[in-house]
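Novice: For chain S, the structure is supplied; the task is to place chain A on it using the hints.
Given next are the chains, with one letter for each unit.
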Amino acid sequence: MNSFPFIEYLLPLIFLAFVGATIGGALLAVLTQWIIRSVCGLAMASVGLAGMFYFLNSPFLAMIHILIYIGAVCITIVFAIMLAEPDEPDAQEQASSLPWTLGAGVVAGALFLGLAWLGLTADWPTPVVTGDGSVESIGIALLTTQSLALEIIAVVLLVSILGALAIARRGRHKA
Amino acid sequence: MNPLDLHQTPSAYLILAALLLAIGLFGLLKRRTLVGMLISGELIFGAAMLNLMTVTRFFAPDPAIGQVFILFIMGLSAAEVAIALSIVIAVYRNYKSIQTRELSEMKG
Chain S
204 MNSFPFIEYL
214 LPLIFLAFVG
224 ATIGGALLAV
234 LTQWIIRSVC
244 GLAMASVGLA
254 GMFYFLNSPF
264 LAMIHILIYI
274 GAVCITIVFA
284 IMLAEPDEPD
294 AQEQASSLPW
304 TLGAGVVAGA
314 LFLGLAWLGL
324 TADWPTPVVT
334 GDGSVESIGI
344 ALLTTQSLAL
354 EIIAVVLLVS
364 ILGALAIARR
374 GRHKA
Chain A
1064 MNPLDLHQTP
1074 SAYLILAALL
1084 LAIGLFGLLK
1094 RRTLVGMLIS
1104 GELIFGAAML
1114 NLMTVTRFFA
1124 PDPAIGQVFI
1134 LFIMGLSAAE
1144 VAIALSIVIA
1154 VYRNYKSIQT
1164 RELSEMKG
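Protein chains in written order, with our numbering: chain S, 204 to 378; chain A, 1064 to 1171.
No lab work stands behind these hints: they were computed from the structure. Owing to the predicted nature of the structure, the values given are computational and were not obtained by experimental measurement. Just so you know, even glycine gets a beta-carbon here, dropped at the ideal spot from N, CA and C. Among the clues, some could well be false.
[Stated by the list, open to error] Below, a sample of chain S positions facing chain A; criterion: calculated Cβ distance under 7 Å: (1) 223; (2) 224; (3) 233; (4) 302; (5) 305; (6) 318.
[Unchecked claim] Where chain A lies over chain S, by a calculated footprint (3+ residues, C-beta under 8 Å): (7) 256 to 265; (8) 343 to 353.
[Said to hold, decoys possible] Cβ pair distances, simulated, as ranges: (9) S/368 x A/1139: 16 to 22 Å; (10) S/316 x A/1159: 39 to 45 Å; (11) S/214 x A/1146: 38 to 44 Å; (12) A/1118 x S/347: 19 to 25 Å; (13) A/1146 x S/323: 21 to 27 Å; (14) A/1122 x S/314: 19 to 25 Å; (15) A/1111 x S/323: 18 to 24 Å.
Chain S extracted, bound-state conformation (with noise of 0.2 Å):
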């Protein structure tokens, strides 16, 4: 049937390399001590996420996920980084807390724990799917049934703008 050998294990293998960005990419943001690797990771765990939205059947948010997260957030972080200096405290001080980084840990293990337990055991409904999920139909619900999302959104971005511009415009002058 196909004439390439190993055909089946290509999927499988790309979902593999997707997941192993996204928790690579997630804890590398999270450990490094330099805050510049973290927005790497950062940026690495949104690749990740995006092929998630792939295997997901949604290409359009996979698009859209990777303009905005690495496209948007991450520069605006690069940005944010270039302007003050935010590295991490040195790993003297780190030592000192290490209890403090010990709770997280359990606080976050537990955390993962149930809701993976949660995830598996629940008793998930199987109903009938009515539309496809395509780009086409996602147009016509934000613009029909769900034009009220549309709507605050637009007002939330420029609530967020103008906000953004008053908070960063204080204090130039005093300074």
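Specialist: Frame of chain S; chain A shown alone:
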């Protein structure tokens, strides 16, 4: 369950989302600077989006509605980053530092 069908099992995505949330929470508790905490918050946003997308893909009647909701979350997170970074810049201007240890007084 066939391991080759891992990309079609909802449990894999749900566990990955839980792991992302846990890593983000760990970073939020561990980080000592505002920008580091902001990055961890973005990871938590990503976990929420992956969770919603999984439920939309496997357990919802109309897949378009959930995607609209995820667009909403992306807009919210972009707005959050803009506000938070402008606050970071303003704090740095006042304190010459954005380590949370030194930001213990409110009067500026």
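Novice: Less than 7 Å between beta-carbons is the criterion; does residue 233 of chain S satisfy it with respect to chain A?
Specialist: holds (4 Å)
Novice: Residue count check for the region 343 to 353 of chain S against chain A: does it reach three with CB-CB under 8 Å?
Specialist: n = 6 at 8 Å, threshold three: holds.
Novice: Confirm or reject the claim that residue 1111 of chain A and residue 323 of chain S have a C-beta distance inside 18 to 24 Å.
Specialist: About 19 Å separates the Cβ atoms of residue 1111 of chain A and residue 323 of chain S, which means 18 to 24 Å holds.
Novice: At the C-beta level, are residue 316 of chain S and residue 1159 of chain A separated by a distance inside 39 to 45 Å?
Specialist: Between residue 316 of chain S and residue 1159 of chain A, where Cβ atoms are some 42 Å apart, the hint holds.
Novice: Does the nearest C-beta of chain A fall within a distance shorter than 7 Å of the C-beta of residue 302 of chain S?
Specialist: The hint is violated - residue 302 of chain S has no Cβ within 7 Å of chain A, the shortest such distance being about 12 Å.
Novice: Please verify that hint: residue 305 of chain S, Cβ, nearest Cβ of chain A, below 7 Å or not.
Specialist: Check failed: Cβ of residue 305 of chain S comes no nearer than 10 Å to chain A, outside 7 Å.
Novice: The hint says 19 to 25 Å between residue 1118 of chain A and residue 347 of chain S; measuring C-beta to C-beta, is that right?
Specialist: holds (22 Å)
Novice: Using the nearest Cβ pair, does residue 224 of chain S come within less than 7 Å of chain A?
Specialist: Cβ of residue 224 of chain S sits 11 Å from chain A, so the hint is violated.
Novice: Do the Cβ positions of residue 1122 of chain A and residue 314 of chain S conform to the proposed distance bound of 19 to 25 Å?
Specialist: About 22 Å separates the Cβ atoms of residue 1122 of chain A and residue 314 of chain S, which means 19 to 25 Å holds.
Novice: So does residue 214 of chain S sit 38 to 44 Å from residue 1146 of chain A, Cβ to Cβ?
Specialist: holds (40 Å)
Novice: Should the hint that residue 1146 of chain A and residue 323 of chain S are 21 to 27 Å apart at their CB atoms be regarded as holding?
Specialist: Hint violated: Cβ distance 37 Å, outside 21 to 27 Å.
Novice: For the region 256 to 265 of chain S, does the count of residues with a C-beta closer than 8 Å to a C-beta of chain A reach 3?
Specialist: Answer holds; 7 residues pass the 8 Å Cβ test.
Of the hints listed earlier, those the structure fails to meet are numbers 1, 2, 4, 5, 13, in rising order.
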